[in-house]
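Student: So you can see what is in the structure, the chains are spelled out below.
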Amino acid sequence: MSNPILDTFFEETEELLESLAEGLESMQGAEFDKETVNSVFRAVHSIKGGAGAFKMTELVNFAHSFETVMDAVRSETLALTPQIMHTLMRSADCLADLVDAARSGRTISEEVTSGFLTALQACMGEGEIEAVDAWDNFEFNAVTLDIEPINVDAPAVATMETTAASDTAQVQIGFQIDFRPHAALFTNGHEPALLFAALGDLGQMTSRIDMTKLADWSDFDPTEPRLSWTVDLRTDESEISVQEVFEFVHGLCDLRIKPLMGPPPSPNPELSAEGKSATNKSDAGPAPTVVADISSPAAIAMAAAPSTAATPAVVVAAKAKAERNDDGSDAKAPKATLRVDLDRVDRLINAVGELIINQAMIAQRLQDMTSTRDDDLVMHIEDYRLLARDIQEGVMAIRAQPVKSLFQRMSRIVREAADATGKLAELVTSGEGTEVDKTVVERLADPLTHMIRNAVDHGLESRGARGAAGKPPMGTIRLSASHRSGSVIITVKDDGAGLNRPKILEIAKRKGLIAPEAELNDAEIDQLLFMAGFSTATTISNLSGRGVGLDVVRNAVQALGGRISIATTPGHGTEFTIMLPLTLAVMDGMVVTVGGQTLVVPITSIIETIRPLPTDLHRIGTDETLLSIRGRMIPVVDVARSLGFPSPGTHSAPLLLLVESEKLGECALVVDSVQDQRQVVIKSLESNFGSVPGVSAATVLGDGRIALILDPDAIAGGRATSNYPMPNILSNAGRTAYANA
Amino acid sequence: MQTLEDTTKSEVEFVTFSAGEQSFSIEITQVREIRRWSPVTALPHAPHEVLGVMNLRGSVIPIYDLAARFGLGQTPENPRNVIVVAMHGGQTVGLLVEAVSEILSVSREKIQETPDIRSEVARQSITGVIPIETGMTRVIDLGAVLHPSNWSVA
Amino acid sequence: MTLKVLAIDDSKTIRELLRSVMEEAGFDFESAVDGVDGVERYAEVRPDVVITDINMPNMDGYGVIDAIRKGDIDNQVPILVLTTESGDKLKARARDAGATGWIVKPFDDVSLVSVIRRVTGMVA
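Chains as they are written, first to last, in my numbering: chain A, 1 to 741; chain B, 1001 to 1154; chain C, 2001 to 2124.
Keep in mind the hints are simulated off the structure, nothing from the lab.
Just so you know, not all the hints are guaranteed correct.
[Unchecked claim] Straight-line alpha carbon distances no greater than 27 Å define the calculated DSS-like cross-link-like pairs of lysine-lysine that follow:
(1) C:Lys2089 x A:Lys438
(2) A:Lys438 x A:Lys471
(3) A:Lys493 x A:Lys503
(4) C:Lys2070 x A:Lys55
(5) A:Lys503 x A:Lys471
(6) A:Lys34 x C:Lys2089
(7) A:Lys55 x C:Lys2089
(8) C:Lys2004 x A:Lys34
(9) A:Lys404 x C:Lys2089
(10) A:Lys34 x A:Lys503
[To be verified] Residues from chain A that face chain C, not an exhaustive set, calculated with beta carbons under 10 Å:
(11) Glu35
(12) Leu252
(13) Leu255
(14) Pro259
Quick reminder that beta carbons are idealized off the backbone N, C-alpha and C, glycines included.
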């Protein structure tokens, strides 16, 4: 059972951690304003507050120490040295871990947090972080839950003095309270009547008002309260209980609490048990002071002398508005957002996909009706097409989110990797505002983490080596995102030594990944990094050697319909470039005919379309063909045959699609003809059927029929010809990334 | 108000149809709609009973030839053929049949266990039989049709 | 009449917690997300009691108290300050700013409701 407020807490904490990371990030820079420090403080403070509500002790304790240090930084009693900055950054990481742990109900070993706590403590010098209060240590003790409404008559009907008691045995029967409110008591929103009501709850009360100060009207100051009270409270309660009644008005009044002496309480049950109503009017004796009913509104009004008219009127709302307008240009003002169930968005995306198909169908029908050509209609259909595209773009934008949160997580990875390898490294990001489909952002987290770790671990040289090369000791990892012609480009670049190609080649040969006598060019050597089971680390470090290699990164990227490439400059560093589709729901495809069937080939994998001369084709073996192009030989794959469709046989001059494949590098696919190039809506085959070898997904064409989307890698890699059904035949389970419906 | 009689009677409704000149039925709760035949897109390397995929209002659904599935030969092309669209475990599929016969309402105790038969396919995919006027109808286990533990290789 | 509470806190978690407690107690509940919003909402809502956080963006809790106390709308309304600190210094500061009382986070629902009744004299 989930607690919606707890969900809110974690949601909010996620945002707070983000702004915490962001704030700390900018505090690292040379210039930052006080508000940045404030916002960091507030983020930690709010996490502590929320965690407190859910009794997450570890989290509260840690946040408390963190907050204390931030408070010192905020108040400038603590100088922000690089060491302290480092501690703050790592503490933010630890805080994030504690939140994660709290969410999943795990506990984090004390050893981990205590290290950070010690570091925080060290920031403050000696013993300055006070322990956080115990849970039950409230500042007030609830009086009782059922405070009665102010009863005009009951508790405090003014009575005669009770000093006439002449019994010999005087014991403490309660308290005598002298109370003179200051003006501030009223302006702070207090009502003496409420205090008396609370006292009345403690026992039996009689009170006298001293109105002597009202006598002199000549120097009447309406802002100065003129009344004071003396209250006799008969009670068994302790003095602390009485003090608590006045807790909030402490300092806003003159208050004296003395023991009230008197004869031992009579066994009158009215006094001991229910002593809430003051009824001992029978007491004899003269009344030495003026007696008034303190509960009467008139008396209170007189006491509450400061008048509203006396204070200058400030139009509160208008003032606040003006302040906000001044802030209007502030980019930090949060945009209004709307939380929408992802299912609803996906339903909408689906419906828009249908709309696009519907439009295409109508357009096609219209084109077929050449006899009844209506120019107006053609124009309207064109408008329809444009509108449908607009709607589609708008809907897709709902799923898009900036890569910022993803990039922010990476600075932590850099810190950890740097700490673990003893290197100095900083992350420089750009293009954080670049928007990508939500799913892409989510699925990119793991591969990107791995690449960033690699960049620090393998990319950057050791401090000594950097020094020898005349580089600054601090290595730089640049992470950037940008949009380029309908794709998202993400690059990870280090300023390290660049790839050591002879070593890569040697390792590949030693591990039997390539033949010992193989001759590879530079690009081919670089590609070896993506082979399964390749690892260049000579010593297995903490970070790599986990059995996860760049091959996994590559698979993940390809599962998202993207490609990854590598470029390196010896001595200057290595750059990985990931190219991804903007969205997973649509893609640009080339519509082709193969063996009489209509198929779609993703544009991203097509390098070019060629119709070779018969002399460029070379038979090899019984049924293999090679294409010679630009002096190289690349394999030709008969798509129809590999899909099990009737193949028209070998053309003398077939139409070829040159595609890039994971296993074979470039490769040429034989198709019958190219129909069209268009954006297609990706439909999952998996949800109702299962994976099909050689096919990544399906789409609906303009005529309402389904066309299969080819998986060029599987076709080129020969993985399309496997026996059916073998759902796991695609080594790459992530291929379902195409799934949309 | 549900009476005692209602609860004990427990009527079940089935859609019955013919495939390979035999009568089959599935529980009406699994049937989403019945559609006219329209051309399908063939899937590479698909088993012979999977005719291909069809567009059902934006979803891609596979079409199974029920007769072929039960080893009764491919259903011959006929404009009267219909597709029974059914749901199973979140999966939507189409079953190509010759014709839909009727909606059958029977009490649970009328459903008889499948007699011990030799055909592996039939034994796995038919959960019971119901006697009807013209003989009997075979109650299909849709899950077994879609996910056979071992496929009958054609 | 139902007691109307306005809570001003930048933490949604705390707002939601307060809401659940207040609504459970039968009070009307309104909330604002920061000081500026709080002061605006105050003018609209005319609450019987205000609960405000201290550390907030745009305008902090002291600013809220100041604006209400110096304003011309029911400027003696009880204002309770929510604070995670329990130090006397902070209490004194809240009192000097014009707060009626304070509630130390983490709060429990019984003491929260009782303190509201204590400063307003109202039952739900």
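Student: Determine for every hint whether it applies to the structure shown.
Tutor: Hint check:
no., hint, in the structure
1, C:Lys2089 x A:Lys438, "47 Å, violated"
2, A:Lys438 x A:Lys471, "38 Å, violated"
3, A:Lys493 x A:Lys503, "20 Å, holds"
4, C:Lys2070 x A:Lys55, "37 Å, violated"
5, A:Lys503 x A:Lys471, "23 Å, holds"
6, A:Lys34 x C:Lys2089, "23 Å, holds"
7, A:Lys55 x C:Lys2089, "25 Å, holds"
8, C:Lys2004 x A:Lys34, "36 Å, violated"
9, A:Lys404 x C:Lys2089, "40 Å, violated"
10, A:Lys34 x A:Lys503, "51 Å, violated"
11, Glu35, "8 Å, holds"
12, Leu252, "7 Å, holds"
13, Leu255, "14 Å, violated"
14, Pro259, "25 Å, violated"
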